[in-house]
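Peer 1: For chain X, the structure is supplied; the task is to place chain W on it using the hints.
There are 2 protein chains.
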Amino acid sequence: MSDTPPAPKAPPKDPWDLPDVSDLVVGVLGGTGDQGRGLAHRFARVGQRVVIGSRTAERATAAAEEITADLAAPGAPDTAAAGEVTGADNAACARASDVVIVAVPWDGHRATLEGLRGDLAGKLVVDCVNPLGFDKHGAYALVPEEGSAAQQAAAILPDSRVTAAFHHLSAVLLRDPSVGAIDTDVLVLGDRRADCEIVQALAGRIEGMRGIYAGRLRNAHQVEALVANLISTNRRYKAHAGLRVTDL
Amino acid sequence: MSDTPPAPKAPPKDPWDLPDVSDLVVGVLGGTGDQGRGLAHRFARVGQRVVIGSRTAERATAAAEEITADLAAPGAPDTAAAGEVTGADNAACARASDVVIVAVPWDGHRATLEGLRGDLAGKLVVDCVNPLGFDKHGAYALVPEEGSAAQQAAAILPDSRVTAAFHHLSAVLLRDPSVGAIDTDVLVLGDRRADCEIVQALAGRIEGMRGIYAGRLRNAHQVEALVANLISTNRRYKAHAGLRVTDL
Numbered sequence: 001m002s003d004t005p006p007a008p009k010a011p012p013k014d015p016w017d018l019p020d021v022s023d024l025v026v027g028v029l030g031g032t033g034d035q036g037r038g039l040a041h042r043f044a045r046v047g048q049r050v051v052i053g054s055r056t057a058e059r060a061t062a063a064a065e066e067i068t069a070d071l072a073a074p075g076a077p078d079t080a081a082a083g084e085v086t087g088a089d090n091a092a093c094a095r096a097s098d099v100v101i102v103a104v105p106w107d108g109h110r111a112t113l114e115g116l117r118g119d120l121a122g123k124l125v126v127d128c129v130n131p132l133g134f135d136k137h138g139a140y141a142l143v144p145e146e147g148s149a150a151q152q153a154a155a156i157l158p159d160s161r162v163t164a165a166f167h168h169l170s171a172v173l174l175r176d177p178s179v180g181a182i183d184t185d186v187l188v189l190g191d192r193r194a195d196c197e198i199v200q201a202l203a204g205r206i207e208g209m210r211g212i213y214a215g216r217l218r219n220a221h222q223v224e225a226l227v228a229n230l231i232s233t234n235r236r237y238k239a240h241a242g243l244r245v246t247d248l
Numbered sequence: 001m002s003d004t005p006p007a008p009k010a011p012p013k014d015p016w017d018l019p020d021v022s023d024l025v026v027g028v029l030g031g032t033g034d035q036g037r038g039l040a041h042r043f044a045r046v047g048q049r050v051v052i053g054s055r056t057a058e059r060a061t062a063a064a065e066e067i068t069a070d071l072a073a074p075g076a077p078d079t080a081a082a083g084e085v086t087g088a089d090n091a092a093c094a095r096a097s098d099v100v101i102v103a104v105p106w107d108g109h110r111a112t113l114e115g116l117r118g119d120l121a122g123k124l125v126v127d128c129v130n131p132l133g134f135d136k137h138g139a140y141a142l143v144p145e146e147g148s149a150a151q152q153a154a155a156i157l158p159d160s161r162v163t164a165a166f167h168h169l170s171a172v173l174l175r176d177p178s179v180g181a182i183d184t185d186v187l188v189l190g191d192r193r194a195d196c197e198i199v200q201a202l203a204g205r206i207e208g209m210r211g212i213y214a215g216r217l218r219n220a221h222q223v224e225a226l227v228a229n230l231i232s233t234n235r236r237y238k239a240h241a242g243l244r245v246t247d248l
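Residue numbers (our numbering), protein chains in the order written: chain X, 1 to 248; chain W, 1 to 248.
Note that these hints are calculated values from the structure, not bench results. Treat the hints with care, as some may be off.
Because identical chains cannot be distinguished in the list, a pair is counted as satisfied if it fits within a single copy or across any two copies.
Within a straight-line C-alpha distance of at most 30 Å, the following computed DSSO-like cross-link-like pairs (lysine-lysine) qualify [stated by the list, open to error]:
| hint | residue 1 | residue 2 |
| --- | --- | --- |
| 1 | 238 | 13 |
| 2 | 123 | 136 |
| 3 | 136 | 13 |
| 4 | 136 | 9 |
| 5 | 238 | 9 |
| 6 | 13 | 123 |
| 7 | 238 | 136 |
Just chain X, with the same shape it has in the complex:
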């Protein structure tokens, strides 16, 4: 593409004009963890087909069954509208999915992705991992040598379309079947607009949320690291803080 002349300038595209993503299969690597389960629950709840990934298919299947049960819990919406949730090992999860959310613990991030390079080729990958350390003063940001977890994913997965999103969501709220709309936006980062728009559209399907474009992958570190601040805020206010972008 680099030798084609620049296209004539098109009129600005409406940033709220996002694609229909309802038919996409969403995979969640690390889907047996709190954040992964919570996201899987939210996507299934709005009718998305979801595949939970874990190191073993058995654990993934057990988590998928629990999520399916949660979707039928009191307070949950019409279960006839819920998407099917199944489990698979991480490689099969990646291959079966159109969009693959990376929700593994930070200390397994590199090894997990290195092992899935082929399975994730061509896939839209959404990294939601927050590299954090903890000590007696609370959480603090770790700085991956690539700059951020998302940039590490992009470096490991040259044949995937890597984006970053879903960093700031409370796993407690995501997983609670009695919680309807969650009052927060989702910051979406990536270097290709079409990929970001798919992720933005997915985020916008979750009750209460909007997917907001928030820059290129090189600016992912601060979005990941901001979770350390939200942890401090949550402790002070005894809250499950989210972030809403104003004036949009």
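Peer 2: Just chain W now, kept in the frame of chain X:
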């Protein structure tokens, strides 16, 4: 104070119980720049006494006169309630103020603070500087060797009480006399709770804003750097984006 033993554990304090700060004099170093002028305008507007600081007293005084004129512009609130705004060179601004906001450009940050170490001794310093670089892809975060602008300030000013806040505010909205409430929260960082609470209370005086505790200074970098993301968001949505912390 450092040789007193730790107090016995008190019951948790209401995080919304903040001090009365209406009598504090607010200085703004770099108060002739867009962000500094905007903050000065907002504080004067709610009755705070404000001292604009600049390298020369003449430029500071000129800016103070412009802000005073803006406070009488159509759309501005009752000017009888507005605080007095005066100008001084940076050193005199620091000495005259209880709370000193550092709103200088990043490339003058270190030298300005090194020159004011004595003038700022004992003062509550609020760093709002965002170290950013710009290229054809937009803004990106710079990483100061101390970790953040706020930590650099703390390193240069061992005798001051350094906090960080007011990073994400739109100078355009701050400066516009016809804009009333601004729909955003202010993230406040610092290592001493009492100092943070003064800054939170000041932020909360500005129409539309709340001052929200968001962690220790070691977690300031990502808050400063997040401005790069907001710049991308503003370009995409043609907005003056702010951030509201939800569930609080």
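Peer 1: Sort out which numbered hints this structure fails and list those numbers smallest first.
Peer 2: Checked against the structure, no hint fails, so every one of them is satisfied.
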